[in-house]
Amino acid sequence: MAESPARTAFAEEALTHLDTLYRGALRLTRDPDQAQDLVQEAYLRALRYQHSYQAGTNMKAWLFAIMRNLFWDRFKGTRKDDVSLDDVGDFVLFEKLRDEGARPEADVLDKIAASEVVSAVEKLPALHREVVLLVDVEGFSYKDAAQALGVPIGTVMSRLHRARQQLQRSLYDYAVESGIVRGSTNGATQQ
Amino acid sequence: MNCPDCKEKLDRYVDRELNNTEVLELQLHLEGCPDCTDQYEFQAHLKRLVKHSCDCDAAPAAFREKLRQILT
Numbered sequence: 001m002a003e004s005p006a007r008t009a010f011a012e013e014a015l016t017h018l019d020t021l022y023r024g025a026l027r028l029t030r031d032p033d034q035a036q037d038l039v040q041e042a043y044l045r046a047l048r049y050q051h052s053y054q055a056g057t058n059m060k061a062w063l064f065a066i067m068r069n070l071f072w073d074r075f076k077g078t079r080k081d082d083v084s085l086d087d088v089g090d091f092v093l094f095e096k097l098r099d100e101g102a103r104p105e106a107d108v109l110d111k112i113a114a115s116e117v118v119s120a121v122e123k124l125p126a127l128h129r130e131v132v133l134l135v136d137v138e139g140f141s142y143k144d145a146a147q148a149l150g151v152p153i154g155t156v157m158s159r160l161h162r163a164r165q166q167l168q169r170s171l172y173d174y175a176v177e178s179g180i181v182r183g184s185t186n187g188a189t190q191q
Numbered sequence: 001m002n003c004p005d006c007k008e009k010l011d012r013y014v015d016r017e018l019n020n021t022e023v024l025e026l027q028l029h030l031e032g033c034p035d036c037t038d039q040y041e042f043q044a045h046l047k048r049l050v051k052h053s054c055d056c057d058a059a060p061a062a063f064r065e066k067l068r069q070i071l072t
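Going down the list, the protein sequences come from chains C and B.
Per this note's numbering, the very first residue in the first sequence carries number 1; after that it's consecutive.
Per this note's numbering, the very first residue in the second sequence carries number 1; after that it's consecutive.
Since no wrong hints were added, every one of them can be taken at face value.
The calculated lysine-lysine pairs, modelled on DSS-like cross-linking and capped at a C-alpha distance of 30 angstroms, are:
no., chain 1, residue 1, chain 2, residue 2
1, B, Lys-66, B, Lys-51
2, B, Lys-9, C, Lys-123
3, B, Lys-47, C, Lys-123
4, B, Lys-7, C, Lys-143
5, C, Lys-111, B, Lys-47
6, C, Lys-60, B, Lys-9
Computed spacing ranges between beta-carbons, pair by pair:
no., chain 1, residue 1, chain 2, residue 2, range
7, C, Asp-37, B, Thr-72, 15 to 25 angstroms
8, C, Glu-177, B, Gln-69, 44 to 54 angstroms
9, B, Ala-61, C, Arg-74, 24 to 34 angstroms
10, B, Thr-72, C, Arg-182, 53 to 63 angstroms
11, C, Thr-16, B, Ala-62, 11 to 21 angstroms
12, B, Ala-62, C, Val-92, 37 to 47 angstroms
13, C, Thr-57, B, Gln-27, 30 to 40 angstroms
14, C, Thr-155, B, Thr-21, 17 to 27 angstroms
15, B, Arg-68, C, Gln-34, 13 to 23 angstroms
16, B, Arg-68, C, Asp-90, 44 to 54 angstroms
Simulated from the structure, these hints should not be mistaken for lab results.
Positions of the beta carbon are idealized from the N, C-alpha and C atoms, including for glycine.
Let's have the full structure, built from the sequences with the hints guiding it.
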């Protein structure tokens, strides 16, 4: 059966955001097959609820919201396993490296492989990982990220702050383990 | 603006979330403060590193085509 032109046009526009959704799903599930299943289901649901999308608003954020809600419903079950980062102390990688006598950019950031950054992102709790994906990877504004995640802007900011701190701890630990920096006896994970 | 105020706003500056007045105040501080400038450049570099490390995965072509056939 031929699809309606309106549905086809909607689907074509939605597919322009496929890479964003796929990357997000890949980072959330950490599995290419599960990511494809998740994205396919998200697109089918988006078409089913096409009427709820308001033309002129941010379709990418709307699609991401559908995808991440499916992720939480189907792949996570409950959110109990999503540990909080609220109780981790402050960690500022720049200050840590400078205090240890390293040049933070030239000595450290330039030597960290992309695969290690991906690994550090994937180690973040999913609630924090998705904020990093939206704001740092896909360039969402706080407002659009808040829309996609269904939370207030203040929650986006606090999760992002905690996520970045945890990310910096992971990168510091990697830098010490791999010999990029000497490290101190008071390592990042002990703070 | 002093250094603690600047550092408190660096995340939002890097994310382009400050208003025009805040941007001007922060830039004025950065011009006279090498320490905060170094930290700003580090944070901006880290954000670029995260982006460039994570945004290279495009949806496989076969998957894109499969979706197109299902949806259109």
